[in-house]
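*Asks:* Order-wise, the sequence lines are chains A and B. Per the numbering used here, the first sequence starts with residue 1, numbered consecutively. Per the numbering used here, the second sequence starts with residue 1, numbered consecutively.
Calculated directly from the structure, the hints in this document are not laboratory data. Don't take every hint at face value.
Computed footprint of chain A on chain B, listed as stretches where at least three residues anywhere in the stretch have a Cβ under 8 Å from a Cβ of chain A [as the list claims (entries may be wrong)]:
(1) 65-74
(2) 174-187
(3) 261-273
Below, computed lysine-lysine pairings styled on DSSO-like, alpha-carbon distance capped at 30 Å [to be verified]:
(4) Lys218/A / Lys224/B
(5) Lys140/A / Lys105/A
(6) Lys218/A / Lys97/B
(7) Lys105/A / Lys218/A
(8) Lys153/A / Lys105/A
(9) Lys224/B / Lys153/A
Distance ranges between label pairs, derived from CB positions [said to hold, decoys possible]:
(10) Ser8/B / Thr159/A: 46 to 54 Å
(11) Gly162/A / Ala134/B: 48 to 56 Å
(12) Asn127/B / Thr159/A: 27 to 35 Å
(13) Gly73/B / Thr313/A: 24 to 32 Å
No residue lacks a Cβ here, since even glycine has one placed at the ideal position from N, Cα and C.
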Amino acid sequence: MNPDRRRLIASAAGVAVGGIATARLLPEEMLLRDRRPRRSRVAIIAAQEYSERLEGVLVSGLREFHLNLRGRSVLLKPNLVEYIAGVEVNTNPVLVSAAAQAFLKLGADSVVVGEGPGHQRDTYLVLAESGLADQLRSQKISFVDLNRDELFKVPTRATYTGLEHLWLPGTVLKSDFVVSMPKIKTHHWAGVTLSMKNMFGVVPGTKYGWPKNVLHWKGIHRSILDICAMVPVHFVIADGVVAMEGNGPLHGTHRHLGKIVLADDPVAADFTCARLMGLDPHRVWHLARAAQFLGNGAYDRIDLIAEGLPLRTDPFDVLPEFASLQMRL
Amino acid sequence: MDTGLAISDLHGTLIANQRATGAWGYRGNQDSVESTCLAMLALRQQPGIELARAVHALQGLQNVDGSWPAFTGDDPEGCWTTALAVLSLMDTRQATKPLASGIQWLLHVRGREADWLWRWKLRKFDNRVQFDPAKFGWSWVSGTTSWVIPSAFALIALAQARQRGYNGTAQLDERVDLGTSMLLDRMCPGGGWNSGNGVAFGVPLTPHLDATSIALLALIGHEKEQGVQRSLHWLVNRLAGCPSPYSLAWGVLAIAAYRRICPEARESLCDRVEELMRLTEDAASIEDNCTLAVSALALEAVNGNSVFEVRTR
């Protein structure tokens, strides 16, 4: 090899190594494709109780988004964790069945409800005890246990966890329109659990354990970002009629918020929900990063198409380590 | 109570659900090691081609390090299902070489808290979940902490391996003793077991039916422990009216195992068996093969024939 050629290869290698080193120093979100829509729409809708009226409320709310649902298969992903008598832990079954009926009325070809509970291995037990099984049976809506669905290996699109791939349920991957239906709650590890954190439930327990322990070790915030970068959330219906504050997601206390939040962007939905909770979304690690590449967090890119945010909110109680999230006016 | 007819229906449905590969999926969609093992255990006394095909399929899924994956095509790290595979192969008296390597894998794999650095971190800084990290068992997936169900299944598998003479080493005794202490440490304050720990963020956790039942099966021989008695009491009371055949079946397996030494378990057993038979009456409508298999195993246990019972000493 002549000296010039050797110098050229050496300098090319130097540039490559330098490039990799520089890339590693950059925040992950700067290296990812910007998938933020130009604008996002969010509807905050008043709903004081869980009743049959919710179906009508959702139909009129969803119409404002002009969704094209004709011939599309819809997957509703509620937050179904476990049943604790007298505690509103899960997305309310009345809201889930109202959403199923609303999407069918608006032209969806099919609607299924799917969830893979994180702690409780007996999914049917949670389904039955929470009342969701009866609701779905009476409306002939199918339920899929995402913990035990057929799994497919999918490369990660972001690398916050360092995992090269995740195994994901076929039902999620084959659905045309995925709707995240979180319960608005505080969370003892993540600060808040909203539409993005709710997607933890699509990761199968059969592969990752109960709770999805591999992902907890990789970091909850990081895992949320990787999952949401892989699984498109097309729409959000967040249950804030009765929310939870304090030691959520299981042992907090009820907070009657009286709101349902609809959105066509999960990041915009979660920023809005956090603000409704009186918490600063920019201080929630995964939300702040998601707003850099996955969806919109900035006020000026979110159109509130129903109610506006309240001028003053008494912040949700949080565990001491999350006190910095509370917005004090 | 004609449990024989009910067991026969459950077996028939399981046989009909066996896939061409010889294995079972959770719902017939993808070979799963958990479903295959539980179905094999349920069908272990059925002489027929089904069991031979299942054994062949299970052996074919074993990883080179002796472990088993969760499902066909899974990553090769191996996981908690190894304990179930070991139990199944022992009960079908098959495949001594795969069995020996499976037992060895169980003896070597440890919850992450077994590492001194993690133990120190969990004691000093990361202590919002209360447990003694010196007491470790088995995890769902390698590289994570110990959890109740994987530890309980591993304890049952190792105790049976010792009892049947597959392994009588001091290492096995040590792991069984340590795993037993881990289960007792992770118990909920009022008895019973949640998925991993008894107290988190200062709040006592609610026990789960399946975790409590499987942990109790692993702790047979420790019935003098007050915690075991509290857990059994919790289970007997909580199991009444359980709407899910899967949890009810695990509960029946546990209370059947303790009926000789616990009057309240003995008294409740008949009612729970009737409830289980009612919930599984239409076996063909039950989609989940694990539920079918565990229900069959529970009804068999009532007749004194339980695959999970073992005397640890």
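*Asks:* Would you list, in rising numerical order, the hints stated earlier that this structure does not obey?
*Replies:* Result: hints 2, 3, 4, 6, 7, 8, 9, 11, 13 break, sorted rising.
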